[in-house]
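Q: Chain by chain, the residues:
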Amino acid sequence: MGTERKILKLPANMEHLEEVLSMIRTMLEDADAGMKSSLAVEVVVEEIVTNIASYAYPDEEGKMEIDCLLEPSLSTIVIHFTDWGIAYNPIERENPDINAPLEERGIGGLGIYMTKKMMDQVTYERIDGKNRLTIQKNIME
Amino acid sequence: MAEEKTVKAMKRIDAANAPILEEELKEVIAKGAECLIIDMEETVYICSVGLRVLLATQKTIRNSGNEMKIIHVLPQIMENFEMTGFSGIMTIE
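Those sequence lines, one after another, are chains B and V.
By the working numbering, the letter at position 30 of the first sequence is numbered 30, and the numbering carries on one by one without gaps.
By the working numbering, the letter at position 56 of the second sequence is numbered 56, and the numbering carries on one by one without gaps.
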């Protein structure tokens with residue numbers, strides 16, 4: 001099987017989360033991806049789409065594009081998330097202190113922290129007024 | 001003995017389901033459970049929104065001097081608890 005590529009361009013809202021997840025699930029299943037990495041990818045995709053849907057367009061309706069590349073020979077999935085909303089680099093967000101006692105644990109920053117921990121690579125670019133977040137993961141785990 | 005109340009978590013605690021679980025937990029707390037047990041036997045997926053619900057619930061419970069326990073956690077969920085440091089601040093059995 002050669003490289004699989006699927007692109008979705010959708011309104012940036014939570015109603016379309018399931019559509020994105022289902023596309024990615026199908027791609028992972030077709031490539032016989034491992035259960036552990038499939039779940040990790042799913043959790044992370046949900047995080048990123050939720051973030052875009054919640055924060056990218058505070059005052060207007062906007063779009064998001066999910067560009068998913070699966071390279072079976074490299075056992076790797078690469079997903080680019082693009083939005084045309086306000087500039088935001090989630091990677092710069094400070095990691096939560098996971099050793100803090102309960103009283104001092106904040107509830108923010110968990111999603112991007114999990115994204116960084118669960119993926120092999122996470123990169124952010126701001127190009128031509130677009131936010132582009134890219135995740136990469138070996139799918140054979 | 002403290003009064004125990006058990007809430008069974010759903011299969012997927014995703015962004016859509018997390019608020020439903022939160023409501024359920026709030027209801028049980030409002031009824032005055034001294035020991036809240038969250039049974040995660042069926043849970044195979046949890047997102048960060050779901051984790052935040054558990055963290056907020058744990059804080060509420062602790063502030064009221066009560067107790068919370070999470071039971072029957074599957075390995076893939078346990079991994080998330082460890083990754084986020086939850087295993088150090090919650091009672092997980």
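Careful: at least some of the hints might be erroneous.
With a straight-line cut-off of 25 angstroms between C-alpha atoms, the simulated DMTMM-like cross-links for lysine to aspartate or glutamate are [as the list claims (entries may be wrong)]:
#	chain 1	residue 1	chain 2	residue 2
1	B	K6	V	E82
2	B	K9	V	D14
3	B	K36	V	E24
4	B	K117	V	E79
5	B	K116	V	D39
6	B	K117	V	E3
7	B	K117	V	E82
8	V	K69	B	E103
9	V	K11	B	E103
10	V	K69	B	D32
Since the hints were derived computationally from the structure, they do not count as laboratory data.
Remember, predicted model here, so these are calculated numbers, not experimental data.
Q: Against this structure, judge whether each hint is valid.
A: Taking the hints in turn, this is what the structure says about them:
With a C-alpha separation of about 33 angstroms, the suggested pair K6(B) and E82(V) falls outside the 25 angstroms cut-off, and the hint is violated. Distance hint between K9(B) and D14(V) is fulfilled; the C-alpha atoms sit about 22 angstroms from each other, no more than 25 angstroms. For the given pair, K36(B) sits about 29 angstroms from E24(V) by alpha-carbon distance, which is inconsistent with the 25 angstroms threshold. At most 25 angstroms may separate the alpha-carbon atoms for a hinted pair to count; K117(B) and E79(V) meet this at roughly 11 angstroms.
Distance hint between K116(B) and D39(V) is unfulfilled; the C-alpha atoms sit about 28 angstroms from each other, more than 25 angstroms. Of the supplied pair hints, the one linking K117(B) and E3(V) is violated, its CA atoms being roughly 38 angstroms apart against a limit of 25 angstroms. Restraint check: the Cα-Cα separation between K117(B) and E82(V) comes to about 11 angstroms, which is no more than 25 angstroms; the hinted pair holds. Annotation: proposed proximity of K69(V) to E103(B) holds, straight-line Cα distance about 17 angstroms (limit 25 angstroms).
Between K11(V) and E103(B), the direct Cα distance comes to roughly 29 angstroms. Violation of the 25 angstroms bound is thereby established for this hinted pair. Taking the CA atoms of K69(V) and D32(B), the gap is about 36 angstroms. The hint is violated against a cut of 25 angstroms.
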